[in-house]
Amino acid sequence: QVQLVESGGALVQPGGSLRLSCAASGRIVSLNGMGWYRQAPGKEREFVAAIVWGGGNTNYADSVKGRFTISREYTKYSVYLQMDSLKPEDTAVYYCYAKILSREFWGQGTQVTVSS
Numbered sequence: 543q544v545q546l547v548e549s550g551g552a553l554v555q556p557g558g559s560l561r562l563s564c565a566a567s568g569r570i571v572s573l574n575g576m577g578w579y580r581q582a583p584g585k586e587r588e589f590v591a592a593i594v595w596g597g598g599n600t601n602y603a604d605s606v607k608g609r610f611t612i613s614r615e616y617t618k619y620s621v622y623l624q625m626d627s628l629k630p631e632d633t634a635v636y637y638c639y640a641k642i643l644s645r646e647f648w649g650q651g652t653q654v655t656v657s658s
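First residue of the sequence shown: 543, per the working numbering; consecutive thereafter.
In short, the hints are calculated from the structure, not lab data.
Check each hint, because a few of them may be wrong.
To be verified - Dumping the calculated EDC-like pairs for lysine to aspartate or glutamate here, alpha-carbon to alpha-carbon at most 20 Å:
hint, residue 1, residue 2
1, K618, E588
2, K618, E586
3, K585, E615
4, K607, E631
5, K641, E615
6, K629, E588
7, K618, E646
8, K607, D626
9, K607, E646
10, K641, D626
11, K629, E646
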């Protein structure tokens, strides 16, 4: 099996920054990509950002383009989400995922709260 552990969530003021981390471990064979989703209270889980593991191509939701940056540490099966210019509407539980062959694995989530 594959385990994902996220960290870095916190309470931050509007305009502030946070860096989320996610490390994958276990039986990792043919990792296709990793990324982040988020879920705000009362809303459905939504896509935030993703990175292709081999080529490093990235993709972002329109709501975070220009403010968030996804990156990876290839040999450590780790992915990061640098979040700048945070807004109250970014408040959510952020979930890391890994796509391995045809399966997706998810972390437990880390809470990000943007509030003054």
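Results of checking the hints against the structure:
no., hint, verdict
1, K618 / E588, "violated, 26 Å"
2, K618 / E586, "violated, 30 Å"
3, K585 / E615, "violated, 31 Å"
4, K607 / E631, "holds, 14 Å"
5, K641 / E615, "holds, 16 Å"
6, K629 / E588, "holds, 16 Å"
7, K618 / E646, "holds, 18 Å"
8, K607 / D626, "holds, 10 Å"
9, K607 / E646, "violated, 24 Å"
10, K641 / D626, "violated, 26 Å"
11, K629 / E646, "violated, 29 Å"
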